[in-house]
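Chemist: Chain by chain, the residues run as shown.
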Amino acid sequence: MQLITGRVWKYGDDVNTDVIFPGKYTYTVTDPQEMAKIAFEDLDPNFAKQVQPGDVIVAGKNFGCGSSREQAAFCFKYARVGAVVARSFSRLYFRNCINAGLPALTLPQSPDLFQPGEQITIDLQMGRIFCAAGEYSFPPLPNAVLGIFQQGGLIPYTRKSLGLDGANQR
Amino acid sequence: MGQTFAEKILGRLAGKTVVPGEIVQVSPDFAMSHDNTAAIVKTWQEIGVSRVENPDRHVVVLDHCVPAANEKFAQNHKEIRQFVKEQGIRNFYDIERGICHQVLCEEGFALPGKLIVGSDSHTTTYGAFGAFSTGIGRSEMAAILATGQIWLRVPETMKIVVRGVPPKGVSAKDIMLHIIGSVGADGALYKSVWFTGPTIEALTIDSRMVLTNMAVEMGAKNGYMEPDSKTLAFLDGRAKTGFEPVYSDADAEFDQVLEFDVSNLAPQIACPHTVDNVCPVDQVAGKTIHQIFFGSCTNARLEDFAVVASVLEGKRIHPDIRMIVIPASKQVLQQALKAGFISTLVDAGAVLVNTGCGPCMGNHEGVLAPQEVTLSTSNRNFKGRFGCKEAEIYLCSPLTAAVSALTGKITDSRSSIK
Chain Y
10 MQLITGRVWK YGDDVNTDVI FPGKYTYTVT DPQEMAKIAF EDLDPNFAKQ VQPGDVIVAG
70 KNFGCGSSRE QAAFCFKYAR VGAVVARSFS RLYFRNCINA GLPALTLPQS PDLFQPGEQI
130 TIDLQMGRIF CAAGEYSFPP LPNAVLGIFQ QGGLIPYTRK SLGLDGANQR
Chain V
1050 MGQTFAEKIL GRLAGKTVVP GEIVQVSPDF AMSHDNTAAI VKTWQEIGVS RVENPDRHVV
1110 VLDHCVPAAN EKFAQNHKEI RQFVKEQGIR NFYDIERGIC HQVLCEEGFA LPGKLIVGSD
1170 SHTTTYGAFG AFSTGIGRSE MAAILATGQI WLRVPETMKI VVRGVPPKGV SAKDIMLHII
1230 GSVGADGALY KSVWFTGPTI EALTIDSRMV LTNMAVEMGA KNGYMEPDSK TLAFLDGRAK
1290 TGFEPVYSDA DAEFDQVLEF DVSNLAPQIA CPHTVDNVCP VDQVAGKTIH QIFFGSCTNA
1350 RLEDFAVVAS VLEGKRIHPD IRMIVIPASK QVLQQALKAG FISTLVDAGA VLVNTGCGPC
1410 MGNHEGVLAP QEVTLSTSNR NFKGRFGCKE AEIYLCSPLT AAVSALTGKI TDSRSSIK
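Chains Y and V, in that order, are what the protein sequence lines are. Its first residue numbered 10, the first sequence is counted upward by one per residue in my numbering. Its first residue numbered 1050, the second sequence is counted upward by one per residue in my numbering.
So that you can see chain Y by itself, here it is in the shape it has in the complex (with noise of 0.2 Å):
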């Protein structure tokens, strides 16, 4: 697995999916450019017009807290965010990166670690985050979904699983 280097977009706690995709969007916004461009709307109008390949989220506890809407977690796979790095996550969300091959970190130390902007380093292999106030651990991925992540996410892993790799690819 890479190595993820991008700068630090740093939120507090609670971040719910409703302020990072709202409800209105849900089904009328399906294209991937599009849904990049709505992540955070109701946060961070600037982080969706800024944010650049590999930049990292950084929050405190419940991340992703609210619906099960997963466009809530891949819409910052297509903005390209590196990782998700947070003190926890509701449990759907976490399910929902997985599932959208986007690593979600759980670091237990507080979030105050990192400076918004500061340019930091995971990798995710060793389950290492480097910032500037030290070196960090995570628990890696239980071995069970472990899989699903490798092969980039729920979809793709389904289709492995069913032998159907390969075929009839959109």
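These aren't lab readings, by the way, just hints derived from the structure by calculation. Any given hint could be a false lead.
[As the list claims (entries may be wrong)] In silico DMTMM-like pairs for lysine to aspartate or glutamate, Cα to Cα no more than 25 Å straight-line:
hint, chain 1, residue 1, chain 2, residue 2
1, Y, Lys-46, V, Glu-1439
2, V, Lys-1057, V, Glu-1071
3, V, Lys-1121, V, Glu-1095
4, V, Lys-1121, Y, Glu-43
5, Y, Lys-19, Y, Glu-127
6, V, Lys-1438, Y, Glu-50
7, V, Lys-1121, Y, Glu-50
8, Y, Lys-46, V, Glu-1095
9, Y, Lys-169, V, Glu-1102
10, V, Lys-1091, V, Asp-1143
11, V, Lys-1279, V, Glu-1352
12, V, Lys-1065, V, Glu-1102
13, V, Lys-1432, Y, Asp-53
14, V, Lys-1217, V, Glu-1250
15, V, Lys-1121, Y, Asp-51
16, V, Lys-1432, Y, Glu-43
17, V, Lys-1127, Y, Asp-40
18, V, Lys-1438, Y, Glu-43
19, Y, Lys-169, V, Glu-1071
[Said to hold, decoys possible] Reference listing, derived: stretches of chain Y covered by chain V, where coverage requires no fewer than 3 residues with Cβ under 8 Å from a Cβ of chain V:
hint, stretch
20, 35-43
21, 73-84
22, 91-101
23, 104-115
Every residue gets a Cβ at the ideal spot worked out from N, C-alpha and C, and that includes glycine.
Got chain Y; can you put chain V on it based on the hints?
Modeler: Relative to chain Y, chain V alone:
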């Protein structure tokens, strides 16, 4: 050591004894999707199978934007209707039937001991009948359409014991807001929450559904209550299949046990912009409101209509506010019509809208303008939830909503009922 409800149900489906933290591969008894079925179908098509693994496993309900508000929603519904026909999904409910969670309960899918997943976070509702039910993502529902399988982590269990007879005018919604305010938005993260105790046993079925519906607002994976004679009476003649109630063993291990005494509980309200930002209503009483939303999968059932109608009977809502009324289902609407509640509400100046989710997704039927304040009987008050990030949403019981409808301000029901 005994087993919990969650361990028993997930263990039955996994075919082995399971422990918290373990990840199991299971086939849910039922899988529910709503207007998001169109997007799910597109993802399912990417997998490359041509037939749904088991059409009878799936229940599809159109409720999130019904009738369609524009061409995109209409196209969405059209694709779903085609899909269920092509794939032989018999459990399909079109735009007139109701909010998915209410419909699954009324139609007897929400059954004791079953595992039910839904591509909607409030799928936790069915725990009111002793089911293990939880929300999943769209891709996961697409995978279930293809394989019939999903992975689930076996949750730890939080036992919440509620005691005491609540004061007059204090409802299940007040109790649940109080619990969420105490536990916090992530207080039950990843956990299975068991609501028990004399107060829960005394609640009606309609009221029990309020608690399990909102269990997700404290991060829970599922919320449930043990089935009793009320549950069985409700299910009589309704249950879609046979079922076997599942109970936690007396010596099962719980991660946490919390006790609440509601004997002196005041009416509660969740203030903007988080569901755990809860205080007694009197602390924010007097705040001017512009709209009341009486609806949602949380609080728009018959007993809620009875409460609201009793307050509005022969009266007129405040001229500066509008009141949107959306019954949880067609059955609720029919019963409320029969009981005269609908004409009471309409005579009082309320606006009746087709059953469904209404403005709760910010799609239509009562979205807000900047700086407007709404008082809502629904379950979420996040910024932008009603379509406008500069609006404010307060969550309360149907009674608080009704008394505030008369004054145009947030009002403590104790100041108006004797």
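Chemist: Under the criterion that the straight-line Cα-Cα distance not exceed 25 Å, is the pair Lys-1121(V), Glu-50(Y) satisfied?
Modeler: Between Lys-1121(V) and Glu-50(Y) the Cα gap is close to 21 Å, so the pair holds against 25 Å.
Chemist: Lys-19(Y) and Glu-127(Y): Cα distance at most 25 Å?
Modeler: Answer holds: Lys-19(Y) to Glu-127(Y) is near 10 Å, not above 25 Å.
Chemist: Is the straight-line distance between the alpha-carbon of Lys-46(Y) and that of Glu-1439(V) 25 Å or less?
Modeler: 20 Å, holds
Chemist: Run the distance test for Lys-1127(V) versus Asp-40(Y): straight-line Cα separation, threshold 25 Å.
Modeler: Given that 25 Å is the threshold and the Cα spacing comes to 19 Å, the pair holds.
Chemist: With a cut-off of 25 Å on the C-alpha distance, tell me whether Lys-1217(V) and Glu-1250(V) pass.
Modeler: Within the cut-off at roughly 17 Å; holds.
Chemist: Tell me if the straight-line CA distance from Lys-1438(V) to Glu-50(Y) falls inside 25 Å.
Modeler: Status holds; Cα separation ~9 Å.
Chemist: Does Glu-1102(V) lie within 25 Å of Lys-169(Y) when you go C-alpha to C-alpha?
Modeler: OK: Lys-169(Y) and Glu-1102(V) at ~17 Å, within 25 Å.
Chemist: Mind checking, does the stretch 104-115 of chain Y have 3 or more residues with a CB under 8 Å from chain V?
Modeler: holds (count 4)
Chemist: Given the hinted pair Lys-1057(V) and Glu-1071(V), is their Cα-Cα distance within 25 Å?
Modeler: 13 Å, holds
Chemist: Can you confirm whether the C-alpha distance between Lys-1432(V) and Glu-43(Y) stays at or below 25 Å?
Modeler: Measuring from Cα to Cα gives roughly 21 Å; hence the hint holds.
Chemist: Is the hinted pair Lys-1279(V) and Glu-1352(V) satisfied, with a Cα-Cα distance of at most 25 Å?
Modeler: 15 Å, holds
Chemist: Given the proposed pairing of Lys-1065(V) with Glu-1102(V), does the C-alpha separation stay at or below 25 Å?
Modeler: 24 Å, holds
Checked against the numbered hints given earlier, this structure breaks none of them.
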